[in-house]
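Okay, here's what each chain looks like letter by letter:
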Amino acid sequence: MMEEETKEEVIENESGELEDLRRYIEDFTSFLPLAFCMVNPLDYILDCNHAFRDVSGYEKMETIGRNIDFLFKDKDKGKIEMFSTRVANKDSVVEEEVTLVTKGKKEIPVRISALSRKDDEGNFSGYFLTISDITETKRFEEELERKIKERTKELQKAKEKLEESEKVLEVRIMARTQELEEINEKLEEKVKERTREIEKKAEELEKKAEEMRQTQTALLNLAEDTDKASKDAEKEKEKTLAVIKNFVDGLILFDLNKKVSLINPETEKMFGIKLKDVIGKSVKELKSFPALDPFVDLVGEELKEIFREEIATEKGAFLEVTTIPVKDVGTLVNIHDITREKGIEKIKSEFVSVAAHQLRTPLSGIKWTLQTILEEEDSAEIPEEIMSFIRKAYEANDRMVNLVNDLLNVTRIEEGRYIYEPEETDLMEIVDPVIEAYKDHIRKKQIEFEVQKPAEKLPKVKVDREKITMVVQNFLDNAMKYTKEGKIIFKVESINGKVKVSTTDTGVGIPDDQQKRMFNKFFRAANVQRMDTEGSGLGLFIAKNVVEAHGGKVGFTSKIGEGSTFYFTLPANKEEIDSFFEAF
Amino acid sequence: MVNDDGKIKTLTEDISLLETYIQDLFSFTPLPLCFVNPKGMVLEVNPAFVKATGYDEYDVVGENLTLFMEEKNAKEILEKTIKEGLVEREKTKIKKKDERVLPVTVFAKSRKIKGEGVNGAFLSFFDLTEVEEKEKKVKESNEKLREKVEELEKINKLTIGRELKMIELKEEINKLKKKLKRNKEG
Chain R
477 MMEEETKEEV IENESGELED LRRYIEDFTS FLPLAFCMVN PLDYILDCNH
527 AFRDVSGYEK METIGRNIDF LFKDKDKGKI EMFSTRVANK DSVVEEEVTL
577 VTKGKKEIPV RISALSRKDD EGNFSGYFLT ISDITETKRF EEELERKIKE
627 RTKELQKAKE KLEESEKVLE VRIMARTQEL EEINEKLEEK VKERTREIEK
677 KAEELEKKAE EMRQTQTALL NLAEDTDKAS KDAEKEKEKT LAVIKNFVDG
727 LILFDLNKKV SLINPETEKM FGIKLKDVIG KSVKELKSFP ALDPFVDLVG
777 EELKEIFREE IATEKGAFLE VTTIPVKDVG TLVNIHDITR EKGIEKIKSE
827 FVSVAAHQLR TPLSGIKWTL QTILEEEDSA EIPEEIMSFI RKAYEANDRM
877 VNLVNDLLNV TRIEEGRYIY EPEETDLMEI VDPVIEAYKD HIRKKQIEFE
927 VQKPAEKLPK VKVDREKITM VVQNFLDNAM KYTKEGKIIF KVESINGKVK
977 VSTTDTGVGI PDDQQKRMFN KFFRAANVQR MDTEGSGLGL FIAKNVVEAH
1027 GGKVGFTSKI GEGSTFYFTL PANKEEIDSF FEAF
Chain U
377 MVNDDGKIKT LTEDISLLET YIQDLFSFTP LPLCFVNPKG MVLEVNPAFV
427 KATGYDEYDV VGENLTLFME EKNAKEILEK TIKEGLVERE KTKIKKKDER
477 VLPVTVFAKS RKIKGEGVNG AFLSFFDLTE VEEKEKKVKE SNEKLREKVE
527 ELEKINKLTI GRELKMIELK EEINKLKKKL KRNKEG
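In the order they appear, the protein sequences are chains R and U.
Numbering-wise, the first sequence is residues 477 to 1060 according to our numbering.
Numbering-wise, the second sequence is residues 377 to 562 according to our numbering.
Treat the hints with care, as some may be off.
[Claimed, not checked] Example chain U residues on the side facing chain R (calculated, C-beta under 10 Å, incomplete): (1) I391; (2) Y397; (3) G438; (4) T442.
Bear in mind the hints are in silico, worked out from the structure with no lab data behind them.
Glycine is no exception: its CB is placed at the ideal position from the N, C-alpha and C atoms.
For reference, chain U alone in the conformation it holds in the complex (with noise of 0.2 Å):
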């Protein structure tokens, strides 16, 4: 039988195993995480989060989403949040502490305490930066291509087809000088 304090300890060593726990994983998860309350303050912010936006903990924590989000945007994602429960890929952008501005797109989750209703919300973002990048490289690489196979077709187009129109030019002068000499003959 475990006494009391037998007890106590087990589940002040499990708290801080999970929170240990919850910490690490926190921290850990390679994507740039946050928590907001249902106001939309910042609660707790993960370092994917601070490397992806180069905002500090203590920059972020206890602002509003609006820091970085669209005011309207912010809005509308953490009312839907709270209302459907969840919103996957919601394409937006935030706005770096360098201004410069993040292509993502959002998963967020509400969080709900029992018998207190939704406490909060995560929100994680997934920089589409690279995508975009690459699409853009695709797309210039397309466009590179495209132009050199236009180069190419001109200069085909310049040596073929010039050789091809002096045959052209000179059958045609060939046929006239046949229609010359049956016009003097005739």
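Excised from the complex, chain R in its bound form (with noise of 0.2 Å):
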């Protein structure tokens, strides 16, 4: 009974577990949001559920017992028929894309997935098939799709306008890239000729170089021998300075500046002065030193040229001095201590002196015997060659006693005693009888002489008559001794407030390497002195000192053969006159 029981209890309990397993089931199949259905092996459909009916619309009623291929398209019917066939024969689930027909004819694609179910003997017993509906998931791919496809049409339009920019690129780029090119050709073109005058340029540099490397070696060796230059420059220096100092005479250099570089030391000694206390000093500030104010009266603050002038110390010294301009370094006083010649020369100049005095004498008295004798009636007795002899005395005498007064003359000149008595005159008045005794003289040689007077009155000229009477007779007796034909012209003139006389001649003239020294003592030109053996050399140094000591000039032009010009002028402006006598 309790076995009976038991069967009951256990078959109730069974069927309620067996209810609530279905239960279950369709809770679940009913809950799944997937379309479900039960396949049998042979594709029947055995069940399925709400979600199922939500996508084919088909009630469950309408599914159960039809083939499962129904609900789909015709074209993939052959496709579920390889799918069931797959799943029949695998364990795994099998999946497939395809197109479900609804029952209102709609097309939903959908993917179906299936896994095969066995029984307890491992044979094929169905399978239980899904269906997604991916119509979203398409529509979102188709959706997908168009958007690339519209965005790859814009993106074909901007490409095929970019393309058409590019051909218009392209065109522009070829035609420029053609400008380039025949730049380029012309640029290269440019660029060989450049290079051609480059390379030219390279060769002139290079030989310029070369050029450059022998001036250097030039220069090297130059300033070797600039080097040596400069040592023996030191050497000469130190000889140039070893002979200024131990010079006899004394030196003073000038720089450019006019102011005082060098002295030597008999400098020192000739002024009783010392280098560094005149050194850089201008020659006005040389004042200072009252020794040096002779020296500073003659040179002149600047530094006039002097050849050989003197001046007087306070120790009563004499010195010569000569101002020798030297280019680029300024001026060279040289100062030559004359003294002692002073000296001869005045024991010399009183000799000459006593000697001419003492001569004077004796040949006047011979003089004034053989003019007795040659104008004694008697002489007649006296035979003519004794005469002749006593004639030649006279004359010898006469010249004798010219040259002592000459002499005389010079003397007093050098011992500046040759003192006149000037007097305001008319010059004419001196000329005129000069040159009437001197017409007929000139004439007789058969010259022509011409005198040529002033126009008007001449100015009155301060002069000792005497003594320039001399000198117009000196200038006459020359032209007419050293012309021997042609003509003699005698002048006299008025020039810028001063008197000027002239004798022209178309003697022998004077050479001209000795034309300096026609007024120095004793002088007689070369070709004079084969004319003429009686001339002193007195005349013309006699003439330049009278005319100097009435403030004129003397002066001469002269051409070997074709004749000299001797003029001398003196002041007329009274003014000029006074100044220069007062001076005196």
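Two chains, two frames, a set of hints: combine them into the complex.
Structure follows, in structure tokens:
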């Protein structure tokens, strides 16, 4: 009984459990948001859920017992057949995408998944099939595809535009490229040309570089030479300094700014000064040294050019000063002490003076005696030969008297004792008698004599009549003596406040190399020495000194073989005359 | 007439078949599924769930939904399911075992037992990763296309635009030259 009850209970329990399981399956399948159906091995649908109905539109009863392929599009039927075969032969999930045709004939893209089921003996007993609506996914994919197509289209358009641009650009680039090629060709040509120029320049530069190297070598040699020369110059300088130091004459060197840059020991001795005291001083500043007064007065602030001019120092010495301008250096002053020469000259002059005086008396006596004999009425009794000797003796004596007179004059000039009596005179009063005296002598020599006097009256001059007469005589005497033929012009004129007297002859002229010495004492030009052996060479010396003692000047122009013009001028301006004589 | 033993045997076989059926169905369903009790405790998960979340069955069974869902979301969805019987297309996120987040839509249905009321709920999760990725890809693709178009437009503007500008400028110069000539003549 107990056993009977238990069986009933078991049956009840198991029936309940079975019911639960069915309900669970029902709940589960109805819950499943996925379309689901159970298919038997022959592809007939055994069961399906709500989601299946939602997707396909078929009610459960319209589906169960029908072959699964009725759900799909005809073209997919083959696919379904293959799908079910694959499911039957596979233990894992099989998937496929097909198109479902709903009850309302709507086509829905779906993904079907299936898993085979086996019975206890492992035989294929059917399969579960799920259908997923992939409309959204498909739509999404289609949308995506559409968008991509749109974008692609846009892109294509843009690409086309770009291609158009590229074409335009290409054309332009080609044109530009052609231009550039042409430019390039031109440039290349220019570059070649330039290269050629550069090469040429390079060659020139190389040549120049070579020249530079040579020059450098030459400069190096020169530098060596210069160094040597510098050393030599240094030695020379030392030598020069030694010479200057030991030079017997005084030397003062003024620089280009006329400031003392050097004096030698002899100068220090001459003036009693020291180098350190005078160095760098100007001529004006040297005035502060009393011993240098005569020197400063002579050369002046401008350091005028002087040749052998004398000064007397406060110590009684006589110095002969010569200024020598030295290019780029300055001015060199040479001071030669002539005190001794002066002394000798003085002694000589005194001797000449004494001798001349001593000679003059007997010579005058002889002259008087000979003149008496020649003028004696009874002289006819004296044989002519003797008379000739006496005349020659008289003439010789006369020349001797003249010579002695000249010597005395020179002595007086040199001693500064050539004192005369200046008086205001019309020069013509002096000149006219001399002209008259010489006129006949000149004409006797067959020489034309022309006298040119001023049309207007001459301004008065202040002169020693005797001495100026002597000068005029000297000029005419020389012109007559050294002119063999031709003409002598004697001219008196007034020029710029001066009276000028000149003689122009067509005589022998004076050699160029001797002209400078014409007014020197005892000088006679070589050509006149040959013509006349009687001249003393003192006439022009005396004339020069006489004229200069009147504030005038003497000069001449001469050409050998053509003649000479000697002239002298005298101041005729009263102020100038007074100024000169006051100073004198 | 079938005796009791025969009945029992048949019932036992049917039960076994249904259990296998349920098991097979549960396992086959390609949708990640779980069955929870009214408190949210996970009682069962299918292989699709294991595959999608990375959790093994023994990781989640016996655990609360909050293991892989945000507490607030899990609570709301469960309450709504129990109350309304059904929840469809509720967007949420589940946290995978590797901590990565999976965007999903949830379908849930309560299960009632006769005389006992609600004894649990089925929850299924549609993975939105692929959809979102696709959306993202579309967005990126659109962005790239837009950039490309902009770039092309820019190039176009620079080339054609420049040419046009040059033409405009030349026309302007010609106008100015004419004006200058007129001014000189005038």
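Subject >> Ascending list of hint numbers which this structure does not respect >> reply: Violated hints: 3 and 4; rest satisfied.
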